[in-house]
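In the order they appear, the protein sequences are chains Y and A.
Residues 0 to 155, numbered by numbering that gives the first Met the number 0, are exactly what the first sequence covers, in order.
Residues 0 to 662, numbered by numbering that gives the first Met the number 0, are exactly what the second sequence covers, in order.
What the hints contain is simulated information worked out from the structure, not anything from laboratory work.
By construction, the Cβ of each residue, glycine as well, lies at the ideal position given by its N, Cα and C atoms.
Be aware that a few hints might be false.
[Stated by the list, open to error] Listed below are several chain Y residues computed to face chain A (Cβ distance under 7 Å; list not exhaustive):
| # | residue |
| --- | --- |
| 1 | Leu7 |
| 2 | Thr8 |
| 3 | Gly11 |
| 4 | Ala13 |
| 5 | Leu16 |
| 6 | Leu25 |
| 7 | Asn31 |
| 8 | Phe34 |
| 9 | Phe35 |
| 10 | Gly69 |
| 11 | Gly88 |
| 12 | Ile89 |
| 13 | Asp92 |
[To be verified] Dumping the calculated EDC-like pairs for lysine to aspartate or glutamate here, alpha-carbon to alpha-carbon at most 16 Å:
| # | chain 1 | residue 1 | chain 2 | residue 2 |
| --- | --- | --- | --- | --- |
| 14 | A | Lys528 | A | Glu518 |
| 15 | A | Lys550 | A | Asp601 |
| 16 | Y | Lys87 | A | Glu518 |
| 17 | A | Lys524 | A | Asp601 |
| 18 | Y | Lys65 | Y | Glu29 |
| 19 | A | Lys567 | A | Asp601 |
| 20 | Y | Lys87 | A | Glu535 |
| 21 | Y | Lys65 | A | Asp77 |
| 22 | Y | Lys64 | A | Glu265 |
| 23 | A | Lys413 | A | Glu535 |
[Said to hold, decoys possible] DEER-style ranges, computed between Cβ atoms:
| # | chain 1 | residue 1 | chain 2 | residue 2 | range |
| --- | --- | --- | --- | --- | --- |
| 24 | A | Val441 | Y | Gly68 | 31 to 41 Å |
| 25 | Y | Ala79 | A | Gly322 | 40 to 50 Å |
| 26 | Y | Glu96 | A | Ser605 | 17 to 27 Å |
| 27 | Y | Val110 | A | Leu428 | 46 to 56 Å |
| 28 | Y | Ala19 | A | Ser66 | 51 to 61 Å |
| 29 | A | Pro547 | Y | Lys64 | 31 to 41 Å |
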Amino acid sequence: MKRKHRRLTFVGIALLLLGAAAALVLAAFEDNIVFFYSPTDLTEKKPGPSQRLRLGGLVETGSVKKPGGGIIIFKITDTAQSVEVQYKGIVPDLFREGQGVVAEGRLMNGVFRADEVLAKHDENYMPPEVAEALKKAGQWKGDGKGNGHTDKGKAK
Amino acid sequence: MTAEIGHFALVLALFVAVAQASLPLIGAHRGDPGWMALAKPTAILQFALVAVAFACLTHVFVTSDFSVVNVVSNSHTDKPLLYKISGVWGNHEGSLLLWVLILAIFGAAVAVFGANLPPALKARVLSIQAMIAVGFYLFMLLTSNPFDRIFPPPLNGRGLNPLLQDPGLAIHPPMLYLGYVGFSMAFSFAIAALIEGRVDAAWARWVRPWTLAAWCFLTGGIALGSWWAYYELGWGGWWFWDPVENASFMPWLAGTALLHSSTVVEKRDTLKGWTILLAIITFSLSLLGTFLVRSGVLTSVHAFATDPTRGVFILALLVIVIGGSLALFAWRGPKLVSTGLFQPVSREGGLLFNNLVMATACAAVLLGTLYPLLLDAPGGGKVSVGPPFFNTVLIPLMIPMIAAMAVGPFLSWKRSDLMPALRRLRIALVLTIVAAIVTYAVHGDEPVLGVVALAMAVWLGTGVLTELAERIRLFRSPLSESFRRLGRLPRASWGMTIGHLGLAITIAGMAGAGAWKVESIQVMKPGDKVTVGGYEYRFTGAKAGKGPNYKFVGGQFTVSRHGREITKLTSEKRVYNVSQQPTTEAGIHTTWRGDLYAVIGDAEGSGGAFVTRLYFNPLVVWIWAGTLIMVFAGALSLTDRRHRVGAPHRKSSAVSLPGAQEA
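Same shape as in the complex, but just chain A (with noise of 0.2 Å):
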């Protein structure tokens, strides 16, 4: 029965989102406040059906109801409870239902709480959102309906993959798509300013807060994710490059140069038309790496030929929203005319090319990521992309941008001068210079690339610091004047503060990890050493056990370092009872300084030898905590005043002069 009010909820909320996504637009274009104010109770109502038809997939999953196909799939009866929750989001069609679930609560916030909207903004801006809602209902109850029962219904099910039983994945799809689904607000609000033919500073603060969370999520999404394949996988790697990766990457680097335009938009009525089409870029690859992930789209080309439905499907969804926001933004995108000029030397022209190496480096990705498909297609071979590829582009585009990001914020709006700020950086710069000579006298033979990445982050880190000094005055003026000062700055200037902070930790992070790596595979019988990275592992042997739905054979390592004993690590091969699919548990110890890594492989012989591999991984941790660091700006930076207080209001003088160019 559940089931089917899930189902017949699922109906009702596609009806509803078709009702929402005509009428208030027809209201709003004709001038009509009552037909309008329909977008309101409607976003209401569909979230409200969506979150009855979540709830009742969620009640069939935690009860165990095998009559229901996806459950049979997903889910065991012996699973832990936390894991039967999380199997609502751990396949393809409970996951889509999260996405529209997501989607119907952001809109229903709009409603509810875009009280100081202009009416026909809003009524156009939920129009648009209940359009991408459509699409997915109709998506899911013509290909993917996560309600399908079967007969007759089996004793048990098959269980959710072993790997995604873990604490970090069950959070870490929701964020993401919080992050996918907080873009569509950008971009609802685009093709609404699209259509009204009108972009100011006060649009710009209505978009900003919601792309700044979408921005917070996706950022923690991907750093939980990487952190994950870090320690379940057992490769000792945090970033491989992998299609799924790269899905959520892609819509990063674009919503972190959207972040960076919005603000031009914000405070100087320029790069409208630009900040438009990221906003709708940015929005296309979060719809392209939903889809690249759950269908298989990339991994597997041939999806499309066994379920000619679905990719179809996907097919003409994407074409119909990246297609047609872009034929709109070409059509009406002219009319947005810019009024603030300004130098190439400036601020905005800092946050301009900040903007210009994020949407090239996001491309590179997207080609890197797309190739070997467009290669397939007209029969050119099967190839693969890999690491090398990216990390060859990416990184010497990056480095002219880190250069830049310690500059930018020395720079004022408008017009501004290289040498000043340049100037003002000098202590900056003998600080990178040292930390480059100190890290090249470390590791003198090492890659120099590790060398430069760390001096960059060394750069930024000093920068940024710089910048925070400069604008308190720290020892210009007296202490008490300085701290003042500082408590007076706003919320916003401390996000990009901690942000860039925070990004200067992660490369470091990344640098250490990426660079100074150490990796010693061998066969290793109990009592014997090996020296890794300056730390001696011994292996003091494994022993079988059982877990709660899983049989393990746990090998244990004492770690010393100089003789004193350091920690112990304990690395897990277990099999779940279900599937029977072997999983590794690497054993880890982190330290600041990096992390000890320790993994276990097949017995060898039978003297109770394994095949053992042992990591020093440097610094990796930083990586972590800096993105912690810039989700916590961003959330900072969210709480500004003035997102809160003083509600934008649109100037009715700020229509846009006639006859400016934009700069």
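So that you can see chain Y by itself, here it is in the shape it has in the complex (with noise of 0.2 Å):
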């Protein structure tokens, strides 16, 4: 083998690679993105059940209900909007009414059917996703910063 067969060899094997890599990633973002949608959004977009989306806000006082069973019911409001929130599992430790969080799930006849809810590990933390959606709404100002790992509840 020449010097320059061997370095097409190389040089295919690296292609092939990047190039499956590239293939998986593609198809990964098409089903794997999630995105993000304020009350606000989300009552004026409508997005089918078969769309995994991400909603944030606040979670509305006075709102949160449980009817037993393990399940949670709440809203999550961005003071324009609110959609009520369906969730079967343990919420996060620092889930409070009035505190920033995020739900992951499907809108399904009008309620949000969440299977993940997430919340930050930190009292002074707003996601940055609902610090815009507030901003946006015109409600709250603060300065969106903060660390550490995201606490999340998870539900099969």
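Two chains, two separate frames, one set of hints: put the complex together.
This is the structure we're talking about:
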């Protein structure tokens, strides 16, 4: 094998790998990117139940209900609009009324069915998406800073 | 007063670092031994000054001096001493100080122990180290001074985030930083080599111990962080593809590639340019990791807007380091000529394959981590890239690499044949197929990927053992002869064998915990029973109580299997006095088959019922056992003879042959 051919083989293998990786990335992006919605976006756009999305805002004060069976129902609000969320499982430690929260799931018949609820492990933290959504609704002034792991509740 | 001494020491350290960054470099350029020799005293002095600054910060934390802003924001008189100390680096400013302290320790170590380095190389390496340090000192002094005062001082502090009050997390950041900063040595050596225009086997041997040590620390740090998330966060998971985790995983992938490619430079005098590039990339990713975690660049893009000086400074620092080193590489890289030629099927070819996969995986993780930022900047909307993305991309990439990992050590350098290697692996292949069939028979309806992953672990494990057996000629020569050979194996080759074995164990753990985890969420009254993964969890009720600086509600579970009691688990929900922040302590019982894991949630109604979350996590402890073995293997390899005795000397004949092309 000549030096040139050898080199070609390596470049070929590298390109093959990169190509495979690019294909994988594209396929994964198509299925696994989750868009963020504020309650206002959600009421305006009304995405179908097939679309998985994230909904963020504040937990509306006085909206948290526990009908039993480990189910929790609450409203996420950006102060302009609010959306009812249903979730079965344990909510994160920092889940509180009036605090920022992000729920991941699907919108079904006007109710957001979450299979994951996230809050941050820092009481001053406001998820940046939530901060922005609130800013758009013209309500919240803060710095949106924070660090640490995302706390999440996960349900099957 | 202490805070002012610390601040002053930091300013002095900056000046010393400026001297160290310039004079020895100029000396090396001019060939002036006097100026080059300045590298050693300045490196030691710089280390002494940062050590003073760090000691001062520790002192104000331990004595709870609430006239210092940093202490007010991150400490409290009630906190146990260990967490007062870990509070020093549990915040943005203090963690930067720890970073430069470690950088200075590494620099001083090179200055003191690097007697066998050629003076010009040593001078350049230390100068480049000092340049990195200058960047950090300026960043701290201009935007994030840990010694800022507050007036009037408050009576008490705000306390450390309770989640961080954990022994595992007290040592996790220093471990991670030892890894990140350790790669700065590889970086400095790479830049020095680019300036000199020369990379050879001796260079590879000088760099290797630093890379290896950094890799060990980083591996340990990542494992510790993952273990902490597992037992402290109470989600029953061990890896979440959180940007914070990805930030440490990317340098690990690049560093692992570097570790393997530097072997090729050492043994075969080829892949030089690639190795230099990897060293630059690894350290760049370490820098990115440091800033991603601490500055909130990713979790919050808006951190830039709120503190523009900090954000702009970070960006500028990253651009200078990464852009500058890549530009230098583009300019000087082509001068590094490799002499060793090799066929695609060879030991070098195998290591190169590892490198390509690692680099591709690293690029994919980088893309997934930064994609939300990239899309948000032009107003493309807010997105999140979650675990499914990373799993979909990385697992298919890793499978061929693991398959090749078992074969690689059988290939000889330069040119080799695949068939004889595969023939020697036939027993491993049979065992792998048997393992796959058995797993499939037991968990037939479960994910195929789990079966594949477990089979890959068996393949790698048996492959590694086969290679060891071959090497000592087990069963082919008398047993005493085999033992004699076993005793004579160099520690570096033990390092490879044990390290790869550790990875096999970790993969088995990931396969088990990833594919066959059983989870159950329900409301339980005292006396209720739930069966999870063949284990019966009985909830025996909850009790309230008080800890040193928190109140808790503790839920008790009795776990039995086939009617025989195995263990009692207690999960606590704690509320800390100072911050009023609740945390969850999971109840965990670890066995080699899997972990029993119980978490108590909120009370449901008044009858003593609670929401509970119960798990059976098969093989999960293998993940950390495997990584611990990998760290041990790295440390073992570090003690190899060639790093201690017969210190590498540069052969004058090692001048690169012109005209030879890198294969």
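A quick look at each hint next to the structure:
no.	hint	result
1	Leu7	10 Å, violated
2	Thr8	5 Å, holds
3	Gly11	9 Å, violated
4	Ala13	5 Å, holds
5	Leu16	5 Å, holds
6	Leu25	10 Å, violated
7	Asn31	4 Å, holds
8	Phe34	5 Å, holds
9	Phe35	4 Å, holds
10	Gly69	5 Å, holds
11	Gly88	5 Å, holds
12	Ile89	4 Å, holds
13	Asp92	4 Å, holds
14	A/Lys528 x A/Glu518	15 Å, holds
15	A/Lys550 x A/Asp601	15 Å, holds
16	Y/Lys87 x A/Glu518	13 Å, holds
17	A/Lys524 x A/Asp601	12 Å, holds
18	Y/Lys65 x Y/Glu29	36 Å, violated
19	A/Lys567 x A/Asp601	20 Å, violated
20	Y/Lys87 x A/Glu535	22 Å, violated
21	Y/Lys65 x A/Asp77	36 Å, violated
22	Y/Lys64 x A/Glu265	66 Å, violated
23	A/Lys413 x A/Glu535	58 Å, violated
24	A/Val441 x Y/Gly68: 31 to 41 Å	33 Å, holds
25	Y/Ala79 x A/Gly322: 40 to 50 Å	43 Å, holds
26	Y/Glu96 x A/Ser605: 17 to 27 Å	21 Å, holds
27	Y/Val110 x A/Leu428: 46 to 56 Å	53 Å, holds
28	Y/Ala19 x A/Ser66: 51 to 61 Å	59 Å, holds
29	A/Pro547 x Y/Lys64: 31 to 41 Å	36 Å, holds
Figure legend: structure checked against the earlier numbered hints; hints not met, in rising order: 1, 3, 6, 18, 19, 20, 21, 22, 23.
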